[in-house]
Amino acid sequence: MNKSWISPTVDQVGVEERVARFNTRSIKKESKMQGMLLALNMIDLTTLEGKDTAGKVKQMCYKAMHLADDIEGLPTVAAVCVYPNHVKTAKKALQGSNVKIASVATAFPSGNSSRKIKLEDVKIAVTNGADEVDMVISRGEFLAGNYNFVYDEIAAIKEACGTARLKVILETGELSTLDNVRKASDIAIYAGADFIKTSTGKIQPAATMPVTLVMLQAIKDYYDETGIMIGMKPAGGISTSKQALQYLVMLYETLGEKWMTNEWFRFGASSLANDIILQLGKEKHGVYYSGDYISKD
Amino acid sequence: MQLDILKTYKLYIGGSFPRTESGRFYKLENNKKEVIANICLSSRKDFRNAVVAARKAFESWSGRAAFNRGQILYRIAEMLEGRKMQFVEELIMQGASKANAEKEVRQAIDRCVYYSGWCDKYQQLFGSVNPVASSHFNFSVPEPTGVVSVIADENFSLLGLVSVIMPIIAGGNTCIILASETKPLCSITFAEVLATSDLTAGVVNILTGKSKELHTHFASHMDVNAVVYCRENGEEAKAIAELSSLNVKRSFFWQKIWTKAENENPYLIMDLQEIKTTWHPIENIGVSGAKY
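Residue numbers (the numbering used here), protein chains in the order written: chain F, 7 to 303; chain S, 2 to 293.
Keep in mind that the hints were calculated from the coordinates and are not lab data.
In this text the structure is predicted, and so the values were computed from the model without any measurement.
Careful, some of the hints might be misleading.
[Claimed, not checked] If you want a taste of the chain F side facing chain S, the calculated C-beta under 8 Å gives, among others: (1) Tyr-258; (2) Val-293; (3) Tyr-295; (4) Ser-296.
[Claimed, not checked] Here's a subset of chain S near chain F, in silico, CB distances under 7 Å, partners left out: (5) Ser-221; (6) His-222; (7) Met-223; (8) Asp-224; (9) Lys-257.
[To be verified] Dumping the calculated DSBU-like pairs for lysine-lysine here, alpha-carbon to alpha-carbon at most 35 Å: (10) F:Lys-290 x S:Lys-239; (11) F:Lys-34 x F:Lys-122; (12) F:Lys-35 x S:Lys-211.
We put the CB at the ideal spot given by N, CA and C, even for glycine.
Produce the complete structure using the sequences and hints provided.
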């Protein structure tokens, strides 16, 4: 067995202390503005609800391209994230922009279905025009110790993705321990993930800083060994610009400048964009801003 | 011998008791110039956090049944009654005579009961069915304005707070209130009453500190829908009136003597209400052919 296949164990207390230290960094003024603009540009604007309609998806796509037109110099978000049946709608709505389309697939969010159906799900997303596929791992199999099953599944789905980038959702809220998070990260990375992602957003807790740090460390170890970059996407529960800046600090101090772009780091979030716009609105208008002046969805 | 355990007076934001994020404080003295407590000197960031909490609480508070709001306001009176002695002691520490202190607490409790009764009644009194010349049932009802920022009276530590908070929340609004600077003790103890009264967290947020530093932010924050100013400083009042125009905030100047019975009335509730009129298409509803 290759040495790199044994995942290291995680020092939980150490992780928490390191995270606490990231949160003491003071980011103010110019650097805060830069950080917030970067965070905006890293967002996967997401709607993943049973009640999603074509109208809602169109509206979100418009927002993805026009975050707040009265504030000059805003970037677009990185991508929109929708269910496979809404990819076509999104594709049409985003025509001519640089905003990418990510689609969840593989019986999201539970992942409880047959391999055949999961592959079919991915094919639908890719054929409809998704640039990125967000898959979920089989947590049941993982927790039962069937690591080969999980690995093979990810590898099969990576193949089905073709040129689309694959993000692998670990659903860390269901993995219980940081050791499991590290193990699942390693499995996903070696099986061919382009990105690893914390959560579906449907389970609490979703993304947390300790979990994200463990995953970033897995990415770093893989990079040190192979020179191949893997992306990271914390998703769910990041709703304030302050939190976003703390994640960026952690990213910078763990993986370095190369990862500070939406090519390699994303926030999966639905309300983070609005919070950042509120902060930028304050900078523009000089007084605290209100959600009454920006679109809610 | 046992040492007295002194209370740390903190702020009340979103249902919890944080210290000011600024870490600043001022020393509160009694009339013998002895320091009796360290009081948080709130910053504009504390105010911003309080606005976020108030905005978050607005949907749930304004969405409650009016009768249920009445029950909760009555519960506040009950909790206040149980802590009567504590408030009397604090008022005396801040320089009041025993008789005046007892009177102020008594009045504060009565005021809670008074506004608790109004919660499900002012709509009936101030709402109306309007005659119109078409087949419509046309009616107007008062609805809460939203998030209200308040700079409370300087002279009445407890009564000045209760008299303003009650009409505001009886009407389904949420608020951020700056307590008296020279008599702030009762405000945080009152927050402890609110925290145990089934009041949704964030409906009332209490800050201590200087109006001089904060009044412009109270008036300029775009996510605040109305501002109430209860002090005498003309310069501050002028600044508030001017800055309110920024988002067409409604500004009110309640410079009142709160011990007077006439300053307890449903018109204060109505100041923080907006009238919404609905045209509902119907057939004629009376034999007379009158349209409502």
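Comparing the hints with the structure gives:
| no. | hint | verdict |
| --- | --- | --- |
| 1 | Tyr-258 | violated, 25 Å |
| 2 | Val-293 | holds, 4 Å |
| 3 | Tyr-295 | holds, 5 Å |
| 4 | Ser-296 | holds, 4 Å |
| 5 | Ser-221 | holds, 4 Å |
| 6 | His-222 | holds, 4 Å |
| 7 | Met-223 | holds, 4 Å |
| 8 | Asp-224 | holds, 4 Å |
| 9 | Lys-257 | violated, 29 Å |
| 10 | F:Lys-290 x S:Lys-239 | holds, 25 Å |
| 11 | F:Lys-34 x F:Lys-122 | violated, 51 Å |
| 12 | F:Lys-35 x S:Lys-211 | holds, 26 Å |
Checked against the numbered hints above, the structure breaks hints 1, 9 and 11 and satisfies the rest.
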